[in-house]
Amino acid sequence: MWVVCDFSSGPVVLLWKGNQIRGNMSGKPVLHYANIRGRMEPIRWLLAAAGVEFEERILKTKDDLQKLRTDGFLLFQQVPMVEIDGMKLVQTRAILNYIAGKYNLYGKDLKERALIDMYVEGLADLNELILHHEFKPANEMEKDLANILDKATNRYLPVFEKVLKDHGHDFLVGNKLSKADVHLLENILWLEELKPDVLAKFPLLQSFKARMSNMPNIKKFLQPGSPKKPIVQEKDVPAVLAIFS
Amino acid sequence: MSGKPVLHYANTRGRMESVRWLLAAAGVEFEEKFLEKKEDLQKLKSDGSLLFQQVPMVEIDGMKMVQTRAILNYIAGKYNLYGKDLKERALIDMYVEGLADLYELIMMNVVQPADKKEEHLANALDKAANRYFPVFEKVLKDHGHDFLVGNKLSRADVHLLETILVVEEFKPDALAKFPLLQSFKARMSNMPNIKKFLQPGSPKKPPLQEKEIPNLLAIFS
Chain A
-18 MWVVCDFSSG PVVLLWKGNQ IRGNMSGKPV LHYANIRGRM EPIRWLLAAA GVEFEERILK
42 TKDDLQKLRT DGFLLFQQVP MVEIDGMKLV QTRAILNYIA GKYNLYGKDL KERALIDMYV
102 EGLADLNELI LHHEFKPANE MEKDLANILD KATNRYLPVF EKVLKDHGHD FLVGNKLSKA
162 DVHLLENILW LEELKPDVLA KFPLLQSFKA RMSNMPNIKK FLQPGSPKKP IVQEKDVPAV
222 LAIFS
Chain B
2 MSGKPVLHYA NTRGRMESVR WLLAAAGVEF EEKFLEKKED LQKLKSDGSL LFQQVPMVEI
62 DGMKMVQTRA ILNYIAGKYN LYGKDLKERA LIDMYVEGLA DLYELIMMNV VQPADKKEEH
122 LANALDKAAN RYFPVFEKVL KDHGHDFLVG NKLSRADVHL LETILVVEEF KPDALAKFPL
182 LQSFKARMSN MPNIKKFLQP GSPKKPPLQE KEIPNLLAIF S
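Chain order of the listed sequences is A and B. Just so we're aligned, residue -18 is where the first sequence starts under the numbering used here, counting upward by one. Just so we're aligned, residue 2 is where the second sequence starts under the numbering used here, counting upward by one.
No lab work stands behind these hints: they were computed from the structure. Glycine included, each C-beta is placed from N, C-alpha and C at the ideal position. Warning: the hint list may mix true and false statements.
To be verified - Straight-line Cα separation of at most 25 Å, BS3-like style, residue types lysine-lysine; simulated pairs:
| no. | chain 1 | residue 1 | chain 2 | residue 2 |
| --- | --- | --- | --- | --- |
| 1 | A | K92 | B | K85 |
| 2 | A | K83 | B | K79 |
| 3 | B | K34 | B | K44 |
| 4 | A | K89 | B | K79 |
| 5 | B | K65 | B | K186 |
Claimed, not checked - From the derived model, a few chain B residues whose C-beta atoms are all more than 12 Å from chain A:
| no. | residue |
| --- | --- |
| 6 | V7 |
| 7 | T13 |
| 8 | A25 |
| 9 | K39 |
| 10 | E40 |
| 11 | G63 |
| 12 | M95 |
| 13 | V111 |
| 14 | E119 |
| 15 | G145 |
| 16 | K172 |
| 17 | K178 |
| 18 | L182 |
| 19 | S190 |
| 20 | K205 |
| 21 | I220 |
In isolation and in its complexed conformation, chain A is listed as follows (with noise of 0.2 Å):
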């Protein structure tokens, strides 16, 4: 049986056997995760912004995991998981450098990934923050928030605001776009779902974001029907935990 599915930009077939994909036949690379944001996010808008279609197999139940596991998939056991150039890679900031790596968005020389590597650590700290955020019981939830927040307007947002005021320039790094402006736009995005005016006092992230967001790859990456994932509902929080435990 033979199933089209739309992937953004154009018809992917996938060969279907029973209920388990043989084979990949298209050479993308493929992502293994939950059909939840979480550690593959940062992945899956990496990719988009390099311009790269890519396969998605989610995992529904704790049977999906284990039996990754057991054909010897995952190097450490877990996921996210990404098939790519022959290599079943894992550990989330492994694959993003490989992506931005093979994709030129890593820098010229070694200070400019100095700073690139900087700035997406201290982004993947908030970004840690904020996606363990639609995990947390009813009750914690408010002063979570609160704390991120607190974090993003007075420790990480100001930082780049400054860094972009410093040099005048479109993009973080050496004039040119990397991934820590993936990073920066992904997460400025999520806060803003979160708080609508989390960027009131950011008049470069402002500016910054809308540029961003118009560039080609990632304005489809924003549409309807793109890989990008939503906010986790409340109720599909059991199956998704259920998964990892």
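Got chain A sorted already, so can you dock chain B onto it with the hints?
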């Protein structure tokens, strides 16, 4: 004034120890400025020396670098401990990130509440024995080389040695079932730069003692 990297952190392993290890393995001498009280951290913050108001911070090559991984990536790249191409880097990154997860788990044991400590440690040691060490034993077995990636010393080897030694502090026979890791450990420990780092009087820090915790919390709170 010396041109050597300067490490800013508390006088403890924490998040700076892997940086000390990597510089030492690369044969790079460095200086340390220890934070002893909250005011020391505050001064770095108000001087504008800390991009995200946090340490570790390393002054190196005219930069004030923060974020442990950024610092480690830079050192590894500069001193050729990061593989020869993108694919070797991908392997190194996977190994290093897995080891970082294990190291973090072990490091967190000392701050667990008293009634949770034993269970937490048991879980960490279980992960070492069943999730992490088998991977590296197999890597060494499959290619038969002395080093994890590309038949050449890389940061992955340094982090693996560091992690093995930390686990052994909690469980001296942690490598009992891993003969290749045992010989890896012996070989690595004998390399001149690392041998020097393992001797008394080096910048290598001892395990955290519980009595140090209140002072550390005072600095970082």
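Hints and how they fare:
no.	hint	in the structure
1	A:K92 x B:K85	holds (18 Å)
2	A:K83 x B:K79	holds (20 Å)
3	B:K34 x B:K44	holds (13 Å)
4	A:K89 x B:K79	holds (14 Å)
5	B:K65 x B:K186	violated (33 Å)
6	V7	holds (16 Å)
7	T13	holds (20 Å)
8	A25	holds (20 Å)
9	K39	holds (18 Å)
10	E40	holds (20 Å)
11	G63	violated (9 Å)
12	M95	violated (4 Å)
13	V111	holds (21 Å)
14	E119	holds (22 Å)
15	G145	holds (19 Å)
16	K172	holds (20 Å)
17	K178	holds (18 Å)
18	L182	holds (16 Å)
19	S190	holds (25 Å)
20	K205	holds (24 Å)
21	I220	holds (18 Å)
Hint check: violations occur at hints 5, 11, 12; the rest are consistent with the structure.
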